[in-house]
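Student: For reference, the chains in residue letters:
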Amino acid sequence: MHSKILGPFQITVAMLLLCIAGPALALDGNELLRQVDKNMQPQSYEMYRKLINVEPDGKKKEFVLYTVKTGQDKMVALFISPASEEGRATLRLGDNMWLYIPNVGKPLRITSLQSVIGGIFNNSDILRLDYHFEYDAESISEQEETYQLELKAKSPSVAYDRLKMEIDKKSMLPTTIECYAVSGMLIKTLHYSKIQDFGDGLVRPSVLETDSPLHKGYRSVMLFAKVQKREFADEVFTLNYLSKVNELRK
Amino acid sequence: MNYENKASLGRGIKTGFCACLLLSCIVLVPPLLCAEDEFSFDLEEIEKKALQMRGYLEFRGEHMDINQGSVFTNLNLSDPDISTMDLIFGSIQLDGSYEQGISSLNWLLKAAAQQDTLGWSDMTDVYSAYLSVKPDPSVTLALGKQSYKWGKGYAWNPVGFINRPKDPNNPEEALEGYVTAETDFIKSYQTALQTAALTLAVLPVWEGINEDFGESNNVNVAAKLYLLYMDTDIDLILLTGNSRSNRFGLDFSTNLAPNFEIHGEAAYIPELEKVVLLEDNSSAVEQGAAFSTLLGIRYLSENDITSIVEYYYNGGGYSEDEMSRFYQLAETGLVQDPALGSTLLDKAREMSLKGYGRPQPGRQYLYSKFTQKEPFDILYFTPGITALVNLEDQSYSISPEGVYSGLTNWEFRLRFSLINGGKYTEYGEKVNSNKLELRVRYFF
Chain B
896 MHSKILGPFQ
906 ITVAMLLLCI
916 AGPALALDGN
926 ELLRQVDKNM
936 QPQSYEMYRK
946 LINVEPDGKK
956 KEFVLYTVKT
966 GQDKMVALFI
976 SPASEEGRAT
986 LRLGDNMWLY
996 IPNVGKPLRI
1006 TSLQSVIGGI
1016 FNNSDILRLD
1026 YHFEYDAESI
1036 SEQEETYQLE
1046 LKAKSPSVAY
1056 DRLKMEIDKK
1066 SMLPTTIECY
1076 AVSGMLIKTL
1086 HYSKIQDFGD
1096 GLVRPSVLET
1106 DSPLHKGYRS
1116 VMLFAKVQKR
1126 EFADEVFTLN
1136 YLSKVNELRK
Chain F
287 MNYENKASLG
297 RGIKTGFCAC
307 LLLSCIVLVP
317 PLLCAEDEFS
327 FDLEEIEKKA
337 LQMRGYLEFR
347 GEHMDINQGS
357 VFTNLNLSDP
367 DISTMDLIFG
377 SIQLDGSYEQ
387 GISSLNWLLK
397 AAAQQDTLGW
407 SDMTDVYSAY
417 LSVKPDPSVT
427 LALGKQSYKW
437 GKGYAWNPVG
447 FINRPKDPNN
457 PEEALEGYVT
467 AETDFIKSYQ
477 TALQTAALTL
487 AVLPVWEGIN
497 EDFGESNNVN
507 VAAKLYLLYM
517 DTDIDLILLT
527 GNSRSNRFGL
537 DFSTNLAPNF
547 EIHGEAAYIP
557 ELEKVVLLED
567 NSSAVEQGAA
577 FSTLLGIRYL
587 SENDITSIVE
597 YYYNGGGYSE
607 DEMSRFYQLA
617 ETGLVQDPAL
627 GSTLLDKARE
637 MSLKGYGRPQ
647 PGRQYLYSKF
657 TQKEPFDILY
667 FTPGITALVN
677 LEDQSYSISP
687 EGVYSGLTNW
697 EFRLRFSLIN
707 GGKYTEYGEK
717 VNSNKLELRV
727 RYFF
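Just so you know, the protein sequences line up as chains B and F, in that order.
For what it's worth, the numbering used here labels the leading residue of the first sequence as 896, then goes sequentially.
For what it's worth, the numbering used here labels the leading residue of the second sequence as 287, then goes sequentially.
Careful: at least some of the hints might be erroneous.
[Stated by the list, open to error] If we take Cβ atoms under 10 Å as the criterion, some of the chain B residues that face chain F in the derived model are:
1) Y943
2) S976
3) P977
4) N998
5) K1121
6) T1133
7) K1139
[Unchecked claim] Cβ-Cβ distance ranges computed for the label pairs, FRET-style:
8) F:E462 <-> B:L1081: 44 to 52 Å
9) F:L484 <-> B:L1081: 45 to 53 Å
10) B:R1125 <-> F:G494: 55 to 63 Å
If you are wondering where the hints come from, they were derived from the structure by calculation, not from laboratory data.
We put the CB at the ideal spot given by N, CA and C, even for glycine.
In isolation and in its complexed conformation, chain B is listed as follows (with noise of 0.2 Å):
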């Protein structure tokens, strides 16, 4: 028997292929990625969300929020209720992000991973641009049913480092994402269910519900509603406009 040694232009050869491989695969997980964005939500589009906190013992507390967003970065979300929170309103423009409160009356800057409700839901996933736009696919995986997408962060102001986001093939739509700290630490796992369909072609889950072994007992559910597209002007998405952002309501 014949071992075979590969020469220096085989392995010139492995090596050029390996170098084109690679990219080949992030392409694919990303080109992955913009499909679920785009299956997601419209670019520009107003929706509804109410945000469920769920304690161990069963006691809930509801928060509703009117948002709107219009390209790949700008993003306003405005509470409607409770009364103690109504006319709240959260900016997002790229990496920056102000919360208005109408008794302080001036909008302050705040960071992505704050919480302005309390709870496990931070202020980056009440403003959420689209995964592609935050992402970069590292590695895709597949099995019968789903894909496996592991993503990371293009920036460190990202609210999680890493994301593990299992796809559905069929529809191309997530059902599980683990988010990750820097240091490996699993912070929440987010769970998308009920697809439903909300016009215009536009069929997505309904339902976000999230669980946290930082807060181990407790869950945040996400319900949406009114998902629609609509254009916004991009003078709607500054500070000046926060405190009429009610006004954008139809």
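Fit chain F to the known structure of chain B by using the hints.
Tutor: Here is chain F on its own, set in the frame of chain B:
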């Protein structure tokens, strides 16, 4: 019992067991399957109404130990011999708007009543009431009374030329506005300059209108140019008119890291008039340039502690010597022979109203507030501590507090304040040496 019967019995047990299992599944599984259905989102909840009303009811109880013998106890209390003061305060705040097309009418009303050891007081006020028209998202025109919160500082705003003065311990409560005519233009760009917005406010001071702003029969103009440039908020601010001398300001705010924000303000008043007490206990109006600055940070640690620290240099404030002269005047007035009248005490009261008695009348201050969100997994509970230090006379107030908002639309705040300083220092001469306060708000 033969084997057949045993087998039959076995089948019966098996069938019964399966039936029980199936029944258990029917009973137990549906709640699991329907876990998502325990939550509902009715579209009625998000229906928008033209008339919107909200507000809160507040109840506050306070207990204070009186700083007996202090300057402000003697100047401000009708009975300076009391050792403690208890106070019950109740208020209602109504906030509303009515929208019609591109117009909206907005208002903020307040009514409050207080009973304390020395007597009863009450007030009603229109904090704001204005008509706003938005022909386009980039243009807003407004007319009426509205409040201004210019500046980036939490505790102080030297560039807040048309803001109401705020109490650093309750900065969110300076809500009363001024009557203005205002225009707001916003423009967004896809460049390093992401946003430019110009706010122009015309603020008249006439009889019955904005009289507390400054000299009457003048029309003042305030302007603020906001820029979001390279991820930094920048405001250029100007006030001109004859009710107050001209003022120029600049502020900024930016994130040096996702969890680390820095902000600052600088204000320049070329001809600031300041009433000062002279050595012979007479007073004079000094005119001169005043430059004030504020520099602050906000930091969020990994364990969810938010720290806000601000340094404030008040260029228009009184020096330690000037404040000391005022305290000495008041004290001399107290021991003055009653036969000679109370000339010096009256003078001290007059000087208190003209500037020496205002909140933070000194030159240099440090403000720090530390809050931790939901420690020990106690959801909606935020303990914190606020410290306010007069850096020149080393006097201070320190206030630990706890805020709980776990019951929908209720907020509870328990706060204790320790107010301390030496003789002839700002916090050493306050009315109270400590205060225990419970505040309950119900939002509707």
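Student: Tell me, which hint numbers fail for this structure?
Tutor: Hint check: 10 fails alone, others pass.
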